[in-house]
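Protein chains in written order, with our numbering: chain W, 75 to 456; chain F, 565 to 881; chain V, 43 to 407; chain Z, 8 to 514.
Quick caveat, the hints were computed from the structure, so don't treat them as lab data. Hints should not be assumed to be uniformly reliable.
[Unchecked claim] The calculated DSSO-like cross-link candidates involving lysine-lysine, where the alpha carbons are at most 27 angstroms apart (straight line), are:
1. Z/K194 - Z/K72
2. V/K86 - F/K680
3. Z/K271 - W/K226
4. F/K809 - Z/K273
None of the values given here were measured: they were computed from a predicted structure.
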Amino acid sequence: MKDVLKRIVFGKREKYWWMNALVPLISILLAFIVGAIFIKITGRSPVVAYKLLFGASGLFPGPYWKSHFAEMLLSSSMYIATGLGFAIAAKGGLFNIGAEGHFIVGGIAAAYLGYAKPFAGLPKFIHLPLIIVGVMLAGGIWGAIAGYLKAKRGIHEVITTIMLNWIALYLIEAWLVIGPMEAAVETGISGTPYISLSAKLPKILPPTRLNISIIIILAVTFLIWYLFYKTTFGYEIRTMGHTLMFGMEAPKAAGINVERRTIQTMFIAGAVAALGGAFMVLGVLFQYPPIFEGGYGFDGIAVALIGQNEPLGVILAGILIGALRTGATTVQLAHIPKTFPSIIEGFTVGFIALQMLIRYWIMKLIQGRKKSVQTEMGGGAK
Amino acid sequence: MNSNIPFLNASIAQALDYTAPILFAALGGVMSENAGVVNIALEGMMRFAAFFGVWGSFVSGNAWVGLLWGVGIGIVLGALHAYITVKWAGDQIISGVAINVMAMGMITYLLESVFKTTGYSPPVAYFGAPASKIHLAFLKGIPILGAFAELTILIWFALILVVVLHFVLYHTVLGLRIRAVGENPHAAETLGVNVFKIKWFAVISGSVLAAFGGLALSLGTLSSFTNSMAMGKGFIGLAAMIFGKWTPFGALGAILIFAGAQVLQLFMQGTATGFAKLIPLGFYLSLPYMLTIGALIGVVGKAVGPASDGVPYKKES
Amino acid sequence: APAEEEPPVETIKIGLVTDVGGRGDRSFNDSALRGLETWAGKVKYVKGGGYEAITDAEFDASIPEDLKDRNIQPLGVSAKVLESKDKKDYIPNIASLVEQEKCDLVIGVGFMLAGAIGESAVKYPDTKFMLIDAPPVDEDGNMIDPPNVVGYLFNEHECGFLVGAIAAYATEAGKVGYIGGMPIPPVLRYEAGYRAGLKTIDPSIEIIGQYTGSFTEPALGKSAAESQISQGCDVLFHAAGATGNGMFQSICERGAPYWGIGVDVDMGLDENLCPARTLTSSLKHVDYATYLAIKSVVEDTFHSGLIIMTLKDGGVGYAPDHVADALTQDQIDKVEHLREMMIDGVFEVPTDPPDVDNWTPPTDF
Amino acid sequence: MKALEVKGIVKQFPGVLANDNINLSINKGEIYAIVGENGAGKSTLMKIIYGLYTPTSGEIFVFDKKVDIKTPYDAIGLKIGMVHQEFMLIPRFTVTQNIVLGDEPSKGIVFDYKKALNEVEELSEKFGLKVDPAEKVANLPVGIQQRVEILKILRRGAEILIFDEPTAVLTPEETEDLFKTLMKLKKNGKTIIFISHKLKEVIAIADRIAVLRRGKLQGIVERGKTSEVELARMVVGRDVVLKIPKAEAKVGGTVVSIRDLTVKSKRGIIGLKEVSFDVCAGEIVGIAGVEGNGQAELVNALIGFTRPIKGTIAFDGEEIRVITPFNIRKKGMAYIPKDRKMRGLVLPFRSRENIIMGQHTLYPFSKNGVLNNIEIDKFTTKKLEEFDVRPRDIHTRARNLSGGNQQKLILAKEMSMEHKFLLASQPTRGLDIGAMEFVYHKLIEEKERGMAILLISLELSEIMGLSDRILVLYNGEIVGETTPDKTTEEELGLMMLGLKKQKRVAQ
Ligand SMILES: Nc1ncnc2c1ncn2[C@@H]1O[C@H](COP(=O)(O)OP(=O)(O)OP(=O)(O)O)[C@@H](O)[C@H]1O
Ligand SMILES: Nc1ncnc2c1ncn2[C@@H]1O[C@H](COP(=O)(O)OP(=O)(O)OP(=O)(O)O)[C@@H](O)[C@H]1O
Ligand SMILES: [Mg+2]
Ligand SMILES: [Mg+2]
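Start from the sequences, fold in the hints, and give me the full structure.
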């Protein structure tokens with residue numbers, strides 16, 4: 075997917091542009107092959123496993139397809155959100171491990187705005203947008219903290235985002251959810267109160283749970299793409315992406331306000347990742363439970379990387395992972411542990427990392443000369 | 565007063581016990597990143613090693629065999645990471661994430677296949693057993709030093725490694741070359757330093773260190789593998805390495821602050837009275853993390869890594 | 043007795059959805075699985091999935107002391123278990139158990155599934171559902187009572203109270219520890235009961251209580267235990283899931299005079315923990331509840347509603363483990379007497395830790 | 008005896024034929040110069056000889072033996088050493104560590120730093136290249152850094168030394184030192200290949216001169232058998248007016264005025280002491296000085312990279328309290344940085360993206376925050392033509408441009424930007440004479456359009472030729488102010504070394 079959009083903007087530039095699309099596909103294919111071998115080794119049947127996996131993945135029509143399809147898109151929308159959270163920061167040369175934190179911050183914000191008095195009971199067309207805005211603000215601010223510390227204090231974002239993840243977790247689950255925001259426990263079910271009807275994401279494919287979250291995230295993704303490749307703001311962020319990590323100062327010298335952009339980039343990253351948490355609360359759980367157990371944040375990194383940090387790529391990768399996870403629970407019926415799909419996810423990312431090798435193979439196929447491969451890389455490498 | 569000495573020592577001992585796994589991971593990071601290869605797979609490597617250590621100890625009934633298995637998987641993963649990032653100049657972040665994700669899936673899968681459970685392994689021979697600890701009776705009762713009276717061999721190893729690694733990096737030819745490769749591989753190459761060899765070495769030895777981190781957890785602190793045991797420790801190690809400005813002693817310092825706060829936090833919770841009782845649990849639990857950021861803002865400040873850390877090294881064509 | 047009659051021709055299918063803890067949590071997920079697989083199904087889970095039958099010996103061994111007299115017999119049902127990796131999985135898991143596996147009864151383990159079971163119950167009126175630790179709720183979190191759902195709650199505070207009392211007698215230091223995972227309702231009920239029990243026997247006993255913030259971090263559990271021990275505690279009780287393994291770890295390393303108290307299941311029987319120094323365990327018979335629910339389906343006596351499992355009906359209790367070694371017969375009798383009193387409703391045990399302070403303990407026992 | 012021979016070397020880059028069948032034969036003990044336009048293929052050829060690039064075809068002979076140089080390691084083995092256009096140094100390491108790296112004196116595995124220090128000491132004595140072995144390279148001015156590079160290759164017993172534009176970054180003094188060194192090396196029988204754009208130098212020092220153009224060998228001239236003019240014609244393919252056109256300054260109002268500016272240097276010592284001066288519309292003020300005497304500090308303060316510890320900077324009569332590159336550029340300042348790669352360009356970006364950096368927010372490149380690609384491409388095409396950036400392709404990544412062409416791209420970017428004040432720090436570094444001439448004309452043009460220009464340069468000829476007023480920086484202070492017609496290069500030289508002060512014209 076790499077550079078696809080660059081090409082849309084700049085016209086076909088790289089000689090072997092189609093490679094950028096082909097490589098991830100081959101990576102995924104290889105991952106499934108290796109995955110099959112792995113199952114075989116551990117004494118199970120790859121055929122059965124994949125049958126179940128894909129049968130229930132929602133990717134292909136089949137029994138109960140509708141509900142699987144719905145479940146797939148439900149997860150995908152969350153993976154895309156956290157994936158973008160990572161990709162956006164990466165575009166600006168920032169290494170954001172904070173999607174996990176942004177996710178739960180988004181969750182709690184959504185829950186609060188969803189049940190708290192002044193808001194709850196507003197008409198849906200006001201309440202829902204209001205929640206979305208609030209969620210993005212909350213997640214954005216949480217992200218901006220890391221951005222601020224990076225910009226003003228030069229503190230490495232890796233540290234701050236990791237620490238902020240844990241701080242968010244504990245402040246939310248060991249304070250807010252069991253304190254100020256705790257529900258009246260007469261049902262014995264703790265966590266925050268449930269959100270009002272007006273806060274729930276409208277369903278779009280009854281009787282399934284599928285709701286507008288996927289539409290929202292697709293829209294957001296488009297906006298992000300537009301931001302990056304069509305606006306001066308995105309242009310500035312990309313100049314940082316190529317220089318920040320290597321201590322180059324060209325953008326700053328050119329009068330680009332790098333500090334502010336850094337903070338803004340982290341804000342946007344946080345805001346988008348937070349949407350994922352909101353989707354979980356507004357569309358699936360309807361409350362913030364005592365223990366949230368996201369995990370979406372870290373998978374988001376994988377999603378972003380499989381998608382080569384490009385908006386379109388993130389969408390496709392998000393759908394892939396969403397499908398794998400949806401099919402995941404059903405493979406248990408063949409007595410294959412539910413985590414099997416994340417093995418495939420791992421292999422996929424692995425082969426993506428090995429794309430130089432894959433490119434080299436492809437090149438060899440087209441014209442078995444190593445030199446040309448290297449020059450192609452020298453010329454086209456990021 | 566004297567009555568507090570045992571408690572003080574015990575607390576320090578706990579802090580050290582808590583430190584060891586993270587410290588190993590951080591040192592692993594120091595090793596490979598000084599050679600210019602980012603390793604965010606510390607987390608996954610710990611998890612792999614924690615499991616294989618237990619597995620080895622389980623089948624052999626001998627903790628040392630477990631140790632070997634753990635080191636073995638460390639080498640394998642290191643080789644994988646090096647093959648991707650050094651041989652094929654692949655993106656180091658992507659490669660690292662790949663290993664982390666695989667660790668999540670594969671280990672659960674193996675745990676299930678080997679021990680028929682997705683939760684825990686049975687207990688195995690380990691280094692934390694009172695018998696196998698290093699006993700320095702003469703230290704007992706001395707304030708602070710007393711904490712070192714009964715530590716596992718792995719904790720000692722971690723502490724000694726800090727010194728060793730410092731020596732290697734800053735006082736040996738190898739160290740000079742490692743750092744040169746991390747700073748400017750092209751310069752190093754024009755002087756005939758074999759950049760690739762150095763990177764391979766640093767990455768593999770780095771991940772072996774990370775592997776020890778996993779072992780310190782499953783065969784040091786505990787005696788079994790728990791599916792979620794290494795959760796986040798590798799990343800804390802990563803953070804500590806950066807906090808410590810990519811130096812062994814720096815990392816140690818960072819982790820001691822963190823582990824200290826962790827122990828303190830638990831203690832304060834337990835003995836909270838009066839006003840302290842009103843402080844929500846969340847603030848106690850997040851104290852170590854807030855403290856870390858605080859320390860960075862207040863004291864440590866800006867950290868700059870090796871100049872070409874994370875930059876894939878490709879020969880010009 | 044119903045157990046004597048032949049199992050029905052086409053076997054009844056029971057589905058079970060674990061919460062994210064999953065199989066092998068050595069806690070209530072495993073407990074529920076015992077009720078379904080070991081007791082109702084008389085099978086055991088084997089490598090690579092699948093089941094194999096177990097011998098009568100194994101079967102009898104699996105039944106805890108305090109349930110021996112409750113006539114637990116195989117029900118010849120077949121089990122379908124789905125683990126959940128994520129909260130989002132509950133509903134799809136239930137759906138595939140109902141739609142694909144055509145299960146007669148679907149069991150949801152843990153209050154996390156309250157919503158999922160609630161929704162599904164409405165969606166699939168012809169399937170029966172059982173929910174552990176909570177009543178079913180609808181999309182707005184309101185308790186509902188569909189005709190096809192039975193919910194089981196447990197009085198953790200009652201068994202917590204008993205182990206508290208035992209701890210009070212067992213401690214020599216006059217200082218005991220409590221380790222919690224996250225302060226969620228069941229855990230809080232345990233803590234409240236525990237504190238109440240201690241207060242009843244000897245108000246002067248000091249309690250050091252710590253929350254590790256996680257149910258899955260044995261290393262933290264160990265730190266907590268070490269910290270409490272180094273502050274002079276000699277009896278430790280945990281309600282922290284896997285985190286608690288760390289507590290038993292340090293108990294095991296130190297041996298006498300330290301005692302550990304297990305939670306949910308009889309951890310004194312768990313070879314993997316520390317049988318030698320497990321004083322007792324506060325039992326929460328999810329297994330028995332599960333068994334009862336299945337039985338009601340098999341015998342077609344299923345009733346919807348909310349069932350609260352108490353000391354009286356064997357829903358909760360304490361495991362004998364090493365109580366006899368640590369306590370004098372006279373003390374044991376006192377504990378037993380307290381048990382009677384609770385069963386007879388002579389006194390109530392608070393369910394929220396803060397309430398313990400101004401709660402007046404029973405005296406004449 | 009032939010030291011080095013290349014036969015039919017061809018190097019094809021995607022889209023660019025950098026070297027086209029080049030044949031050279033270089034005798035042992037001679038100083039062999041290679042000149043040519045930017046992008047002619049000089050560096051490429053050298054990199055091939057040093058094993059950094061693999062040629063598409065062609066053969067190399069070293070001391071009459073056919074060799075196959077795959078890596079710099081092979082080159083070193085063949086006693087070939089190279090001082091690169093961009094230095095290959097590790098700033099965080101000390102001079103000594105940099106020099107001994109790869110062949111370290113050691114006791115067992117332990118790095119014997121003391122021994123290394125002595126070795127370097129001796130080495131610099133032996134070749135008369137003064138450096139402080141214990142100093143961090145980051146703290147060294149380029150001149151000294153280059154010495155370190157030379158010592159590096161000498162220590163490896165190099166017989167053939169390649170210098171890629173060594174003088175581009177040097178002050179006249181440093182250049183003279185270097186030439187002394189080169190002659191000394193020549194006496195010791197070393198062979199030297201020397202790339203430069205400064206034809207005067209080349210004629211002064213080289214025994215033979217090869218001229219490259221568009222990747223082809225244009226011709227080889229013997230020492231003394233050519234003149235600067237003639238050589239220039241060979242290089243550029245047309246006559247070049249090396250004399251800088253004089254234009255009378257129509258001095259307007261003050262644009263920038265600096266008062267007792269005091270700035271700390273990277274190393275925390277005071278690098279600039281209480282400097283005061285004005286730059287007016289329509290004049291070029293030249294700053295002469297040996298590198299490391301505060302130029303960097305002055306530049307950093309003006310562009311807002313470092314905050315002065317004392318003093319004020321006023322723009323258009325209005326004092327600016329806190330200067331950031333952002334707000335100062337808004338006020339209308341353009342800046343040609345000395346360091347292309349660090350401050351000039353985003354290397355992975357294409358020409359079209361680089362050239363708008365800094366003005367991307369302005370119409371027509373963008374309108375309410377949305378980029379207008381058609382306009383950008385039009386503009387880029389025009390500018391590449393105007394500033395003769397090669398290749399013309401607006402999609403070339405800056406990374407793949409030759410040094411000189413990168414510099415041209417920066418000039419195109421900065422000079423076409425809306426501005427009142429131009430801060431030019433060594434604007435002609437690495438340019439061929441053709442380009443140099445072009446830049447001179449541009450600067451004069453600017454001035455006539457009423458721009459205020461502050462020119463920082465190590466080239467006295469440049470300073471003398473272009474400036475209307477000359478300020479001499481020494482040791483962080485302005486030790487003299489004069490005008491080209493009132494002084495000579497000699498006098499300036501003395502002032503730059505602090506040997507001669509001159510009363511300043513009162514402000
Ligand atoms: N890695 C590369 N990929 C593609 N083209 C390249 C690469 N390196 C150099 N070129 C092209 O090869 C040509 C020669 O470059 P080279 O650096 O040898 O020029 P040069 O003579 O050194 O110019 P200068 O005097 O400005 O340094 C230039 O047109 C440049 O754009
Ligand atoms: N180790 C050394 N050996 C000899 N001279 C030195 C050494 N270190 C510093 N100097 C002198 O110190 C002066 C200041 O160097 P400095 O690093 O300030 O240059 P600079 O102005 O920062 O370089 P630039 O303008 O390229 O940024 C130089 O003139 C140099 O001659
Ligand atoms: Mg060049
Ligand atoms: Mg200077």
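Verification of the supplied hints:
Pair hint Z/K194 plus Z/K72 holds up; C-alpha atoms about 24 angstroms apart against a cutoff of 27 angstroms. Under the criterion of a C-alpha separation no larger than 27 angstroms, the hint pairing V/K86 with F/K680 is consistent with the structure, at around 11 angstroms. For the proposed pair Z/K271 and W/K226, the alpha carbon gap of about 20 angstroms is at most 27 angstroms, so the pair holds. Restraint check for F/K809 and Z/K273: the C-alpha separation of about 20 angstroms stays at or below 27 angstroms, so the hint holds.
In this structure, every one of the numbered hints holds.
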